[in-house]
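J.: Here's the letter readout for the chains.
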Amino acid sequence: AQSVTQLGSHVSVSEGALVLLRCNYSSSVPPYLFWYVQYPNQGLQLLLKYTSAATLVKGINGFEAEFKKSETSFHLTKPSAHMSDAAEYFCAVTGSGAGSYQLTFGKGTKLSVIP
Amino acid sequence: GAGVSQSPSNKVTEKGKDVELRCDPISGHTALYWYRQSLGQGLEFLIYFQGNSAPDKSGLPSDRFSAERTGGSVSTLTIQRTQQEDSAVYLCASSSDSRYNSPLHFGNGTRLTVT
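As given, the protein sequences belong to chains L and X, one line each in that order.
Residue 98 in my numbering sits at position 98 of the first sequence, with consecutive numbering throughout.
Count along the second sequence from 1, then add 1000; that gives the number in my numbering.
Some hints could be false.
[Unchecked claim] Residues from chain L shown here face chain X by an in silico Cβ test under 7 Å; the list is partial:
{"id": "1", "residue": "40"}
{"id": "2", "residue": "44"}
{"id": "3", "residue": "105"}
{"id": "4", "residue": "107"}
{"id": "5", "residue": "109"}
{"id": "6", "residue": "112"}
[Said to hold, decoys possible] Chain L is nowhere near these chain X residues, computed Cβ spacing over 10 Å in every case:
{"id": "7", "residue": "1007"}
{"id": "8", "residue": "1016"}
{"id": "9", "residue": "1018"}
{"id": "10", "residue": "1029"}
{"id": "11", "residue": "1050"}
{"id": "12", "residue": "1068"}
{"id": "13", "residue": "1071"}
{"id": "14", "residue": "1104"}
{"id": "15", "residue": "1109"}
Hints were generated in silico from the structure; no laboratory data involved.
A quick note: this is a predicted structure, and the numbers were derived from the prediction, not measured.
For each residue, glycine too, the CB sits at the ideal point set by N, CA and C.
Excised from the complex, chain L in its bound form:
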């Protein structure tokens, strides 16, 4: 079974500041991890995914995330926030075994960017 914890339901940063959104997971098998972003009144779209090829994963819009097995974490970062980054971000995990098609999502973190 897998689970995801996103620390902080709401994060505010100033424009140009570092963005750090936290995600911790638990998984009984080697995990595959994802970050999705949801803009208002839209569905979710994939930001990036970790599939064991490299621990530092780069995604769209300047975001990246680092898989740290020892900390069971997959935090999302961006060096400099832009107003257009304001959205809700979801971390998700799935296992690597047969039938592991079901993504388990965290509860989401809403990012606000202050001008």
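Position chain X against the provided structure of chain L, taking the given hints into account.
T.: Quick look at chain X alone, frame taken from chain L:
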């Protein structure tokens, strides 16, 4: 190309009525998922279809909920005798195959309000 299309985008219904929500996945995508998104609760898995295999209905919250996928394409989620706690955004997603690391492509959702 066309993304995942959901209709209606908004639905207001009276308690006790039945509702049908429709999802048109991306053409050629064999895997289709329904998720429910409630405020502050993240995404809850409802049901999964893959090709001609029997669907995984393990996430359906009660027997009032059912879903079909006709011809391996369009899917309909039906909620009978709606209750106020059914109010949520219902998201459909599709992916090109059932591998655990295949990204999901989400529709914009149907916002259901039960009065």
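J.: A closest beta-carbon separation below 7 Å is what the hint needs, so does residue 112(L) meet it against chain X?
T.: Result: violated, 16 Å to nearest chain X Cβ.
J.: Say whether it holds or is violated: residue 1007(X) keeps its Cβ farther than 10 Å from all Cβ of chain L.
T.: Residue 1007(X) is indeed farther than 10 Å from all Cβ atoms of chain L, at 13 Å.
J.: Against chain L, does residue 1050(X) hold up as non-interface, every C-beta pair farther apart than 10 Å?
T.: violated (7 Å)
J.: Does the CB of residue 109(L) sit less than 7 Å away from some CB of chain X?
T.: Given a least distance of 10 Å, the restraint on residue 109(L) is violated.
J.: Since residue 1104(X) was said not to touch the interface, does its Cβ keep a gap of more than 10 Å from each Cβ of chain L?
T.: Violated, since 7 Å does not exceed 10 Å.
J.: Any Cβ of chain L at or closer than 10 Å to residue 1109(X), or is the non-interface label fine?
T.: About 6 Å separates residue 1109(X) from the closest Cβ of chain L, which leaves it inside 10 Å; violated.
J.: Given residue 44(L) as an interface hint, is its Cβ closer than 7 Å to any Cβ of chain X?
T.: holds (4 Å)
J.: Given residue 40(L) was flagged as interface, is its beta-carbon under 7 Å from a beta-carbon of chain X?
T.: violated (10 Å)
J.: So is residue 1016(X) really clear of chain L, every C-beta pair being over 10 Å apart?
T.: Holds: least Cβ distance 28 Å, greater than 10 Å.
J.: May I ask you to check that residue 1029(X) keeps its beta-carbon over 10 Å from the closest beta-carbon of chain L?
T.: holds (13 Å)
J.: Any Cβ of chain L at or closer than 10 Å to residue 1068(X), or is the non-interface label fine?
T.: holds (19 Å)
J.: Does the closest beta carbon of chain X sit nearer than 7 Å to the beta carbon of residue 105(L)?
T.: Where the cut-off is 7 Å and the nearest Cβ of chain X is about 4 Å from residue 105(L), the hint holds.
Checked against the numbered hints listed earlier, the structure breaks hints 1, 5, 6, 11, 14, 15; every other hint is satisfied.
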